[in-house]
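Chains as they are written, first to last, in our numbering: chain A, 3 to 277; chain B, 15 to 454.
These aren't lab readings, by the way, just hints derived from the structure by calculation.
Among the hints, a few may not be true.
[To be verified] Result set (SDA-like, lysine to any residue): computed pairs, CA atoms no more than 25 Å apart in a straight line:
id, chain 1, residue 1, chain 2, residue 2
1, B, 189, B, 213
2, B, 113, A, 181
3, B, 271, B, 415
4, A, 100, B, 135
5, B, 443, A, 16
6, B, 437, A, 87
7, B, 111, A, 85
8, B, 111, A, 210
9, B, 111, A, 221
10, B, 442, A, 103
11, B, 442, A, 198
12, A, 71, B, 440
13, B, 260, B, 240
14, B, 232, A, 181
15, B, 138, A, 87
16, B, 111, A, 104
17, B, 111, A, 70
18, B, 442, A, 98
19, B, 88, B, 379
20, A, 269, A, 198
21, A, 71, B, 433
22, A, 100, B, 361
23, B, 138, A, 85
24, B, 111, A, 103
25, B, 113, A, 269
26, B, 432, A, 16
27, B, 232, A, 70
28, A, 71, B, 218
29, B, 442, A, 13
30, B, 113, A, 16
31, B, 111, A, 220
32, B, 318, A, 222
33, B, 437, A, 70
34, A, 71, B, 443
35, B, 285, A, 234
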Amino acid sequence: MAVGAYAAYNFFVRVEGLPLIVCLLMGGFFATLVGMFFGIPSLRVKGLYLAVATLAAQFFCDWAFLRIKWFTNDSASGTASVSDLQVFGFPINTPFEKYIFCLSFLVVFGLLAKNLVRSAIGREWMAIRDMDVAAAVIGIRPMYAKLSAFAVSSFIVGVAGALWAFVYLGSWEPAAFSVDRSFQLLFMVILGGMGSIMGSFFGAGFIVILPVIINHALPWLGDLVGIPVSTAALTHAEQMIFGALIVWFLIVEPHGLAKLWSVGKQKLRLWPFPH
Amino acid sequence: MKIRSLMMAVAVAATGLTSALVTTSAQAQAKEQFFPVLPYRTGAYAPNGVPWGNAYVDYLKLINARDGGINGVKITYEECDTAYATDRGVECYERLKGKSQGGVFQPLSTGITFALTEKAPTDKNPLITGGYGRSESSDGQVFKWNFPLQGTYWSGADIIMQIITKKEGGNIKGKKIALVYHDSPFGKEPIPLLQERAKIQGFDLQLLPVTAPGVEQKATWLQVRQARPDYVLLWGWGVMNSAALKEAVATGYPREKMYGVWWSAAEPDVKDVGEAAKGYNGLVATGEGGKVVADIKSVVHGKKQGTGPIEEVGTTLYNRGMVSAALAVEGVRRAQERYGKGKVMTGEQIRWGLENLALDQKALDKLGLGTVMKPISTSCLDHEGSRSARLHTWDGKKWVYSSDWIEADDSIIKPLVKQFADKYAAEKKLTRRTPADCQS
Chain A
3 MAVGAYAAYN FFVRVEGLPL IVCLLMGGFF ATLVGMFFGI PSLRVKGLYL AVATLAAQFF
63 CDWAFLRIKW FTNDSASGTA SVSDLQVFGF PINTPFEKYI FCLSFLVVFG LLAKNLVRSA
123 IGREWMAIRD MDVAAAVIGI RPMYAKLSAF AVSSFIVGVA GALWAFVYLG SWEPAAFSVD
183 RSFQLLFMVI LGGMGSIMGS FFGAGFIVIL PVIINHALPW LGDLVGIPVS TAALTHAEQM
243 IFGALIVWFL IVEPHGLAKL WSVGKQKLRL WPFPH
Chain B
15 MKIRSLMMAV AVAATGLTSA LVTTSAQAQA KEQFFPVLPY RTGAYAPNGV PWGNAYVDYL
75 KLINARDGGI NGVKITYEEC DTAYATDRGV ECYERLKGKS QGGVFQPLST GITFALTEKA
135 PTDKNPLITG GYGRSESSDG QVFKWNFPLQ GTYWSGADII MQIITKKEGG NIKGKKIALV
195 YHDSPFGKEP IPLLQERAKI QGFDLQLLPV TAPGVEQKAT WLQVRQARPD YVLLWGWGVM
255 NSAALKEAVA TGYPREKMYG VWWSAAEPDV KDVGEAAKGY NGLVATGEGG KVVADIKSVV
315 HGKKQGTGPI EEVGTTLYNR GMVSAALAVE GVRRAQERYG KGKVMTGEQI RWGLENLALD
375 QKALDKLGLG TVMKPISTSC LDHEGSRSAR LHTWDGKKWV YSSDWIEADD SIIKPLVKQF
435 ADKYAAEKKL TRRTPADCQS
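Turn these sequences into a full structure, and let the hints guide you.
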């Protein structure tokens, strides 16, 4: 996310008159390059070891954006800031405009992702995921499949990072893309269900909306019972409930919310006549 | 069926009626001035953020209880915990900005200030960043909505360098000064001024960043031990300060040669270190509590309305928070003088009030703030208002004032402010405000 954000920022600031959408896509492109570079270890290691190797990307990027002043346009404070976003003359200021802008990106990328998964390359990815040796035996090139997986996911995440930084934050420092943010992304995928596009929507919704719901619901509940809830208690409760729910979900349904959704749909088709 | 549809109709009518009632009662409450409060009560910086937040809320409660509001307009407030994170700060801002026609935001975080500086002008909410924020935002012609009241980081760094220069008899050429700073926008803020001063005065500036949140400092202090600077400037926040002092004790660096900025020299920073931190100097921008602290203790805490423990009242960070709230209240009061006494002020009107503050010693004494803050007067060009601070030294048990009020040297700061403000204006394609706009 950080690579996408900073790359888009550099294009936005250094190249006069470049349209916003092009900046964001260039941010995604550079994220792709970096993602593919850090995906090279995947050709040799798998599973937990690969996860740790890719975690190195997190710390390297943290360091790079903090120390190398060129990335932040040589600003003394090390922050990058953008303002006055507009697309084809339409400004992007109000929450509604921001929502529509991000929604259009989401629709395009969602459709692209769904099509990729259903296509030949998607089946290659599924084959490598299930049994990479067998996949290599039947003629699927592991390097091509693995690196393309890294490339596509890095592109999507890079554009997401650029969007988040430009549209939501407006001004950010490297701490905005800390390890906590990376863990949030990881939990979104795990909770939503790995290998499912619908799952990533559910996971993202859960991770982003649940704290807001807790923030609003807890004082209201507290008022009902007569206990005042302080703001510190709210933040702590948020983290506790969040963590407990993640653990509970992983125990109850390891395949995530997407599996719960499909099970629910199936049961509702038969209801009220279970068999 | 008929009864069912009848009940549905009754239910719909009831919800419609209650929502109408709710909206009318909200209108009736419109004669209240809303103050958003953005403290951080959780996270690595909470020990320093909590006293500030408590003081802010206590002062607002005091104005309501003692004075009946600002010229009769009662104050309402709502807190939103930011945990010193930029994204949470932005979320809190977006959530609270719609609650009224405009309010003053004080995020107590340079990182969040940078983010809100982009948003505040569009939403017409003034930003007070007293003692932090962007140092170049004291130029009100470029930064119309930012108010770094009573001192920026450049003023603070300048005052420390003046103190060091005086201690060395006026000449620090060839001396080694190390800046141990929090690796964030907050910590990097004083660097341009220190580099400028290094060029003018001829001292050697060594920059030693500490990765946030600053618990791991062994490597940094090893470098300090190797380099043996004559003075160390500490620019930390939260747990970084006590960690720095403990490392200084461990490596044997004399604490008397350490000078901290006003956010690095408060009670939470030295309490754990205790006697070992004796001799550590820090800037402080507030004086003794005086009448207003006594008022808070009697009126607010006396009636069990205090936010936080009473032992906290009158400590350094508490006084800071109190003064921050006082400046916001005075901004609203000044706005009322022009736009109507006893009316609720919008964000734009409060901005005018903050830009035309004129609190001399007499006015401060009347408000009870005479001993805790210096007179301040803002203008279109100068959104800082006053730029003085004192030194206080830790004697093992408490902070003791060890100097008079010192003014920052504007001759070095002003050109730097103009240079950086111009750079910001060029980057964001803003034009400087005209004198006509300043008068409005």
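Status of each hint after checking the structure:
1. For the hint pairing residue 189/B with residue 213/B, the CA-to-CA distance comes to about 12 Å; that is within 25 Å, so the pair holds.
2. Our distance criterion of 25 Å between C-alpha atoms is broken by residue 113/B and residue 181/A, whose separation comes to about 33 Å.
3. A hinted pair counts as satisfied when its Cα atoms are at most 25 Å apart, and residue 271/B with residue 415/B qualifies at roughly 16 Å.
4. Proposed proximity of residue 100/A and residue 135/B is supported: the alpha carbons are some 17 Å apart, at most 25 Å.
5. At roughly 14 Å between alpha-carbon atoms, residue 443/B and residue 16/A fall within 25 Å of each other, so this suggested pair holds.
6. Of the pairs offered as hints, the one joining residue 437/B and residue 87/A holds, with about 20 Å between alpha carbons and a cut-off of 25 Å not exceeded.
7. Proximity of residue 111/B to residue 85/A is assessed by CA-CA distance (about 19 Å); at most 25 Å being required, the pair is judged to hold.
8. A C-alpha spacing of about 20 Å is found between residue 111/B and residue 210/A, which places the hinted pair at or below 25 Å, so the restraint holds.
9. Between the alpha carbons of residue 111/B and residue 221/A the distance comes to roughly 19 Å, so the proposed pair stays at or under 25 Å and holds.
10. With a C-alpha separation of about 22 Å, the suggested pairing of residue 442/B with residue 103/A holds against the 25 Å cut-off.
11. Between residue 442/B and residue 198/A the alpha-carbon distance is near 42 Å, which puts this suggested pair outside the 25 Å criterion.
12. Distance hint between residue 71/A and residue 440/B is fulfilled; the C-alpha atoms sit about 19 Å from each other, no more than 25 Å.
13. Straight-line distance between C-alpha atoms of residue 260/B and residue 240/B comes to about 17 Å, which keeps the hinted pair within the 25 Å bound.
14. For the hint pairing residue 232/B with residue 181/A, the CA-to-CA distance comes to about 22 Å; that is within 25 Å, so the pair holds.
15. For a cut-off of 25 Å, the pair hint linking residue 138/B to residue 87/A stands: about 18 Å separates their Cα positions.
16. Restraint check: the Cα-Cα separation between residue 111/B and residue 104/A comes to about 22 Å, which is no more than 25 Å; the hinted pair holds.
17. Of the pairs offered as hints, the one joining residue 111/B and residue 70/A is violated, with about 35 Å between alpha carbons and a cut-off of 25 Å exceeded.
18. The suggested pairing of residue 442/B with residue 98/A holds, with an alpha-carbon distance near 24 Å, which does not exceed 25 Å.
19. A hinted pair counts as satisfied when its Cα atoms are at most 25 Å apart, and residue 88/B with residue 379/B qualifies at roughly 23 Å.
20. Using a Cα cut-off of 25 Å, the hinted pair residue 269/A and residue 198/A holds, with the two alpha carbons roughly 20 Å apart.
21. Of the pairs offered as hints, the one joining residue 71/A and residue 433/B holds, with about 19 Å between alpha carbons and a cut-off of 25 Å not exceeded.
22. Taking the CA atoms of residue 100/A and residue 361/B, the gap is about 23 Å. The hint holds against a cut of 25 Å.
23. Between residue 138/B and residue 85/A the alpha-carbon distance is near 15 Å, which keeps this suggested pair within the 25 Å criterion.
24. Between residue 111/B and residue 103/A, the direct Cα distance comes to roughly 22 Å. Compliance with the 25 Å bound is thereby established for this hinted pair.
25. In summary, the hint linking residue 113/B to residue 269/A is not supported, as the alpha carbons are separated by about 44 Å, beyond the 25 Å threshold.
26. Proposed proximity of residue 432/B and residue 16/A is supported: the alpha carbons are some 23 Å apart, at most 25 Å.
27. For the hint pairing residue 232/B with residue 70/A, the CA-to-CA distance comes to about 23 Å; that is within 25 Å, so the pair holds.
28. Between residue 71/A and residue 218/B the CA atoms are separated by roughly 21 Å; this keeps the pair inside 25 Å, and the hint holds.
29. Between residue 442/B and residue 13/A the CA atoms are separated by roughly 15 Å; this keeps the pair inside 25 Å, and the hint holds.
30. For the proposed pair residue 113/B and residue 16/A, the alpha carbon gap of about 38 Å is over 25 Å, so the pair is violated.
31. A C-alpha spacing of about 21 Å is found between residue 111/B and residue 220/A, which places the hinted pair at or below 25 Å, so the restraint holds.
32. Only pairs whose Cα atoms come within 25 Å are accepted, and residue 318/B paired with residue 222/A is accepted, the gap being roughly 24 Å.
33. For the proposed pair residue 437/B and residue 70/A, the alpha carbon gap of about 20 Å is at most 25 Å, so the pair holds.
34. At most 25 Å may separate the alpha-carbon atoms for a hinted pair to count; residue 71/A and residue 443/B meet this at roughly 22 Å.
35. Only pairs whose Cα atoms come within 25 Å are accepted, and residue 285/B paired with residue 234/A is accepted, the gap being roughly 22 Å.
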